[in-house]
Structure formats: C-alpha cells, structure tokens
Amino acid sequence: MSHLRFGANPIRSTYLIDQANFIACHQWNFLEKLDVLARAKRGSTFLVNSPFDADNPAETWAQLPIEIQETIVRRELKVYAINAYKVARENGMGGRINTVMQTCFFALANVLPADQAIAEIKHAIEKSYGKKGAEIVAMNIKAVDATLENLYEVPIGSPDGAVRRQPGMPNHAPDFIRNVEGAMLVGQGDALPVSALPCDGTYPTGSAKWEKRNVAQFIPVWDEDVCIQCGKCVAVCPHATIRGKVYEPSELETAPATFKSTDSRDKKAFSGLKFTIQVAPEDCTGCGICVDVCPAKNKSQPSLKAINMQPQTPLREPEAENWEYFLKLPNPDRRTLDGTHIRTQQMQQPLFEFSGACAGCGETPYVKLLSQLFGDRAAIANATGCSSIYGGNLPTTPWSKDAEGRGPTWSNSLFEDNAEFGLGFRVSIDKQAMFAAELVQALREPIGADLADAILANAVQRDESDIYDQRQRVAQLKPMLETIDDPRAKQLATLADYLVKKSVWIVGGDGWAYDIGFGGLDHVIASGRNVNILVMDTEVYSNTGGQASKATPRGAVAKFAAGGKPSAKKDLGAIAMTYGNVYVASVSMGAKDEHTLKAFIEAEAYDGPSLIIAYSHCIAHGINMTTAMSHQKALVESGRWLLYRYNPDLIAQGENPLSLDSRAPKQGVKDSMYMENRFKMLTKTKPSDARKLLAEAQADVDARWKRYQAMVNLHQPETLPE
Amino acid sequence: MDLTTTYLGLNLKSPLVPSAAAPLSDDLDNLRHLEDAGAAAIVLHSLFEEQLVREKFELHHHLEYGTESFAESLTYFPEPDTFHTGPELYLEHIREAKAALSIPIIASLNGFSPGGWTEYAKLMEEAGADAIELNLYFVPTDPDVSGAAIETMFIETLRDVKYSVEIPVAVKLSPYFSNLANMAKRLDKAGADGLVLFNRFMQPDINPEELEVEAVANLSGGGDLRLPLRWIAILHDRVGADLAATGGIQHGRDVIKAVMAGAKVAQVCSALLRHGFPYLTKLEDEIRHWMEEYEYESIAQMHGSMSQANSPDASAFERAQYVRAIESFYVPDAALRVLH
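Heads up: the protein sequence lines correspond to chains A and B, in order.
For what it's worth, this note's numbering labels the leading residue of the first sequence as 3, then goes sequentially.
For what it's worth, this note's numbering labels the leading residue of the second sequence as 59, then goes sequentially.
Among the hints, a few may not be true.
Partial selection, computed: residues in chain B whose CB lies under 7 Å from chain A [stated by the list, open to error]:
no.	residue
1	Leu-117
2	Thr-140
3	His-142
Listed next, the in silico DSS-like pairs over lysine-lysine satisfying Cα-Cα at most 25 Å (straight line) [as the list claims (entries may be wrong)]:
no.	chain 1	residue 1	chain 2	residue 2
4	A	Lys-594	A	Lys-572
5	A	Lys-688	B	Lys-156
6	A	Lys-561	A	Lys-133
7	B	Lys-156	A	Lys-694
8	A	Lys-262	A	Lys-214
9	A	Lys-480	A	Lys-572
10	A	Lys-262	A	Lys-276
11	A	Lys-133	B	Lys-340
12	A	Lys-504	A	Lys-480
13	B	Lys-220	A	Lys-134
14	A	Lys-682	A	Lys-552
15	A	Lys-129	A	Lys-682
Since the hints were derived computationally from the structure, they do not count as laboratory data.
For every residue, glycine included, the Cβ atom is placed at its ideal position computed from N, Cα and C.
Assemble the whole structure, with the sequences as input and the hints as a guide.
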C-alpha cells in the first residue's frame, strides 16, 4: 500500500494519509480481503482495476463487495474502473498494468490538468524508453491512449450486492491464526495488543495454507489417461500446490463428483491402488513449471501433456473441494515408501507449502524436497535472504507439520552468522541427546532394562524404520516417566524427544554462502560436525534486487557488475572438497532430479559436514520462468554447471570419493548463456566486452571441466583426517 | 592463368565467394581468415529486421519483468545508459570489415517492413558496403494470398531498394515459383544487378519418439548443386543480371560447372562449415589444377559455355521427368517387350 501526497509546495514531512481524495485498488481480489476505502474522504474518487469491461459498467458495481458498496454510497464517492489487465495484454504490455493505472490516476485525480498530465506521461515514456527503441516507446504510448478509451465511470447503484468481504483467515482456522495472523494479513496488525503476540517469538507453523491467495489466472489440470505417474510435476512445483497420492479404491466411495483417479501404474509397490494428481487451485501461482517438465504428451495432440493450463475461475470451487478431499486421503507409510526414486519419493508429504516466493521460484523445490525427506525431524537455520522472507515472513509461514504434528523447527538469525547459528543447533542437540541418554542409563531400573537398552542401542537410527521404532520407544517411555518418583525422570521427560535422531540443516543463498557468511561456513565445515548445508545458488543477491555475488558467473550483468562480471565464479564446492572430510554435491533439479534426490539422501546420511550447492534459477536472471527447469538442462549440457558428488565415506571403502555425474560439455556456452538476459543484454549494451567475456567464460568452463576430470582420474584413496 | 571474374560490377580475383551465413561472417577475425584463404568477396550474414524488433521487445520485457513488485527489490538489473538494439552493430561490422579487408564486402538484408528494407539498405550503403544482397526469405502460409501478390511484393521491394541506393543490388531467390524464368526476367527488368540461386530454407524435422519438431542444420551436399545449375544454365541467356550459384558447391569442379552454366561467382558455405576456412584455398587449388589439366586459360573463357543456349544438348535442361530422361539411354527392343 502506498500513500502519495501532492501539493503546490514541496512536501517535506512524512506522514500517512487519513483522508484521501483519491484511492486506487490495482487488484480486484483485495476488495474481498481489505477495507480499501477505510481512508476515503467524503466525495473522493475511487478507481478500481476491474475484470469487467467498459461495455458492462453495472457488472463492476454488482460484483463489488457489499461493504465497499455501502461506503461508496455513504461517503458519496465517484467510482471509475478499467479492465487494466486486458488493456495491458492487448497492447503488448503483458501483465504489467502500472502504465495503465498511472494514466488513469492522472486522468482522474486532478493534480494536474488532465491534458497536461497525459502529455507529461507521454513525454516521460519517450524519455525513459527512447533508448530501447522507437517500437517500445510506441507500444507504451499506445497503451496510454487505449487506457483513456477504456476508462469508464461506474454508475452507483444500491448497496445490495451478493458478494461479502471475507475475513483475513477462514472462520474454521485455529483461533491464533484467525485472530492474530488474520488481523495482520488484512493490514490491522497495528491494532493488535502486545498481549496477543507470542511472548517468546515462537509462531505456529503450517499457517500459509489458510491464506488462499488466488493469484493464478490459469492452473494445471490433470489428464489421468496421458499421465505416466513419474512425479516430476510434484517435484518441481515451487509452491507444493500439485501433489500425488496412492490410496485404496474404497476411498473413492465418498469422493466429490469431479475428483479424478486412475489405477496406479506401479504394479509392484502400489498393486491394486488408485492414483491421483491433485492441484490446490487457490494456492497455485500459475507459473506453469509443472507443465513444462511433464514428459508425457497426448499422442493424438502432442501440444497437450498430462497436465495443461486452464482458466482458474471456473475450476476454483470444484477443485478446492477436490483438494480438501485429497488432503484427507491418508499419506503412505514412510517406512514402506521407496524414498530413493522421484516417482515414489514425491508421495512423501511436503512440510513446506504455499510460500510467498515468486511464481516459478528455483529455490523452493529444493527446500520442499528437504522438508519431504527429513522435515519431520529437521532443525533448520536459515540465512537472511529470499528463503528467510518466503520462509518466515509474518504473518504466515510455509513450514508445516504432518498428521502427527511433527515438522521442522525453523529460525533465522542474521545474514552473516547462519552457519554458526546452525552449528549451535547441532551442538545443543547433541548435548541434550547425550544427557538424555545418560538419564536413561541412570534410570534403567525404573524404566525397565529392556526398554532402556533398546533406546540406547538404537542411537544411530539409519532409516525411516529405525526412526519409527525409536519414536515408539520414546512414546512408551514418556508416560512411564510421570510415574517415576525421581527428579531425574522429570528432567528426562523434557529431553526424551532428543533420543530420536534430529537432522540439522543450514540453509541460505549464495550471497550468504559465497560472500557474507563464507568465513562462518568455512569454520563450520572445518568443525567436522554433522550438519547439512544447502546453498541455493541463484548466482546473485536475489532478495535485494540482483547484486553481483562471488557466485555470479563471468559475463553476467548484475548490479555492481553492469559491464558484465569480469571475474570467474568462485568454486565453492572445490574449496570444500579440499578438506577431504566434507560431503560435497553440486546439483540441478531441472537437469537431473534423481541426482538431486540422491545427493540430499547421501548428504544427510553422512556423519559429518555436508554441503549441497543447488543451482536455482531466478527472476533476476532474465529468463522465461515457465521453462526455467528445462533451461537447467541446457545449462548443464553446456558445462556451465557441473553435477557431481564427493562422498568421503567412499575413501574408507577404497573407492573414488568424487563422482562427476554430468557429461562432457557440448556445443559451447554461448547458446545457453544467451537464453538469459543477464548475459544477452551485454551484447546490446557493450558488444565488444560481451564478445571478450563470452570467450573467457568458455575458457572458464573448459578449464573447470578438465580440472574436475583430472580430480576424478586421480582416484587415490586418502586416509581420513583424524 | 586468369581466375578473375566480375560480379555486380565488382572486379573479383576469382569466382569464390563465401555466402551469407552468421558462423562464417559474424566475427571480424573470421572475415580476415576468409580473405587470407582466398575469398574474392564476402557476403555478410543477413541483417534480420524482424529479429531486431523482437530482440528489442524481449530485452524490454526482461528488464521490466518482476520490477516494482517487491519493496526490497524494485528492479533486478542495472539500467544501462545506452542500448545498441538497432542495426548499428551490423553497420559497425560492415565498417570494420571494410577497414580490415581489401576485398569487396556485400551486405545482406532481410527486411520486415516496407520502410525497413529501404532504410537499412541506405544505412548499409553509408556504412561502406560494396553491394547489397536482398535475402527475400519468406515462407508464405496464408492460402488466401496469391503467388502473384507475393511476386509483386518482391518486385516492389527490389524497386524501392534500387531507388534508395546507388550501389549494386542482388536478389537471393528461392526456387519456389510457378515460373522462375518469368520471375527472374521481371526482377531483371526491375533493376536487379544480380540473381543468387538459390536460397536454402531451414527445413524442420519431426522427432517421432519425443513428439517434437526439431530445427536441424540443413547443410547442402553434392547433389544439391544440380538445381541451381539447371536454372543458371536456362537464365544465362535470358537475363542481363549477373548470376551467382549457391547451394552444393563442394569441390573445385563444382565451381567450374557453375561458371560453365553461366554463374559469375560460386557462393560457398556448407563446405567451409564442414572443413574450415582453409578449404577455400583448396577449392582454388582444385580449380587451378583442373584448368591446367584441361588447358583453360581463364574463367572468362568457360563462362556460360554450357548454358542452355550454348550447350550441345539444349533440351536436356527442360526435361522434367525421369520417364523422359531414360529415353536418352539405348534400350533394346527385347527389354521393352518384357516391360510391357
């Protein structure tokens, strides 16, 4: 929400507006959530971006929520509307409505005479876009003219509309989420008493699911006959809004009429079961990544796949009902689910869902994978950056929990200290687990030798089955402790959960890992402690708008590297490998999802520091976000990104610790680089520099490939440092 | 031995001219290598007006995408002061090529708008191009547009360009006309200084397993020369414009054939992409050896010697079907009886 003041004299003091002469609402769906006219002055002007055209102004009135209608009538507002998305789309502006809405403002607000204001807008367009070419100027000027043609006054009817404003959170949400987070969501957070907030700063998880943002204009629709049930769409979805499940056919007896289902194709693991891919229509952002990665094509009409984008509005209600039903279907037992292949692993419940990340985000699929694999026992330290904003911004959090109430513990400390912050988790968890084990030993007699010994004998907990059994033992132990009259039993009661293995993750972007937090990261991997570090490498500071980091590749244009970054990308993985006892993997989900999965599992299993560097496409690359995952294939094929795993455990087995998992680069880097605006734009701004940097970038890739090959060929098993 | 020829009023040291293709000519060093290897002139890769316009919109889209949406990151790219989104890079390339090379430089243009053809042609002339080749690349798919309308558009485009520049203008044509001889004559009348036969279009392939359309490089091979050879032989005596052969020149002997049919130059591309720039030297050596062996003194001596009018079998160039072609073989009566 922005407040803008105009005056004949310069305005120097900063304060918000209480009595606005003009209010504009750029998103129709805000009307259903927010009291957008709360500050409207009597007789002022209200402008709304409406889904309805100028030829049907009464429909705009009819669809306004009744609360808005009442305020308009009571305060005698003048109402104007424009179908801004349509005007923008029809004039080559895509989904960008700012020129359209700005033109409406100047046409209506009377801060300048309208003719003069429009002339000034056009002048400003020529000034700012002239350097990009006459066609760009013409397109924007055409949009201004089309705006004036399509702006219309809405006749004020009687306030009897059928639409009502919805509460910030649905009525069936838990109290805290409804009353506290809901108030924040509709901009009423300042009105909350301090006593309403959690005294220790701990917020409940699993709250993003109540938001229902409804931002997608198009959502994926599943074609069960074409689907090959590979799970790729589920894996790449940045917002966990498309999911797959297998279930007993009997579950379908109470299914909604439009709920889709087919036989599971996996006749071994899921014999006789039914299979469904279901979309959350109100949480999906419409990015289309799932459709892009879908490998199954309709044989008679190959432009269609097993999932296809269709308009959201008519699907919203039936699919929301199907989604609710889908969620109630039981999740498969983790002990029996094969977690080593995407097809089956993707049926693990994501405990990271509906974040506020960009549509098509390249980071969140990795975060979601982490949550599926280890979320029920994970403690996550998150560096400041995109992942801390979409991961823990008030009022809601995407971090979630399973049916047993288990889910990740998550916190963000700072930018620079995240690795140390996470190491602290490890040290603390280990200490508490050790103390818990000592107490079990001390209380062996009252607990019973069988249970106590079983608990202590299973400290390692290698797989889901071990963890399940240990949880059962702890569940058996807890009520027993209440009956033991010993202060140590009370202590053990607070620590018993630490007897189940925890998974410590340190998560952040390249700005943290390569740059600002690098000293700490180096310190932590040198500690030898069992922590897992996930670096989501967007090769740029994404959250602050694309500043160059040491992860930025040579030749890429970024802020602070406007002439193309003159030096090569730092090889963080190679640095980490020099320790010899650090598990290191370089992965790219779009290039090879099974490889990514393998790396996550190996990293977590390794009893020491692990570092996963995950290529994450980003809006700051200037790419088509819909095809970003398939672009990662081109990236890996060109050699710009290598896939490899360095597993120190293999040294002890006499095997080569380094496995180079991508093929020798082919075709050169140029084609894949120039599919990204960050490289391409340099050819339009500094063409001779671009040529030079392209040649150097190619040399970087060639040299790095040779170096890694040489490292593989070394194959000299070393002994682990003590 | 005299290998010289003239083309579009330019004096060339040989008929060997690398044809318009970005991998051959988009780099100044490559142009130098081609000259060193013996190129008599170079046709630069085409300036595609439509591509320039598309790139402008693409750049604009990416610089604006996602901006003004999050308070912490209102933009994602630095805002450069200047953009070279117009033809200036291509024009600069012409200037650099002219400064660095001593052989003629022929610019190639694929326009998009009526104003674009003439505007860019003028700019190419100003930048120092010795001639312009119009790349009339167009795959008509609208069944409501007649062939005549398209032909008229081509003629008008040529007239407009000829009117705006003083340097020679050649037209690179596709073979897909109902009556190519008529089209050639009309272009000739409209002022074409040269006709380049023929343009090679990318032909998409289908991948039946992946259900995808694949763009594949469409390099020419030896047999491809026969199509231009026939039409150059037919047109040699019918139009005043210089003729250039392109598509299928693989060996020195192919160049000889093209010249004998009536071509002033032989444009080479695929062979250089396959074998590298030094292959041009090899082609020239092959031409020299051949001329030595068969005792020719000059290229001029053989020019057009095997055109339709001059060749011993003029009707051969008009035969269309295999059934007529086999008539030239001796077929024993007995065999014919068996066939019937």
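Subject >> Contradicted hints - numbers only >> reply: Going through the list in order, the structure violates hints 9, 11 and 13 and respects the others.
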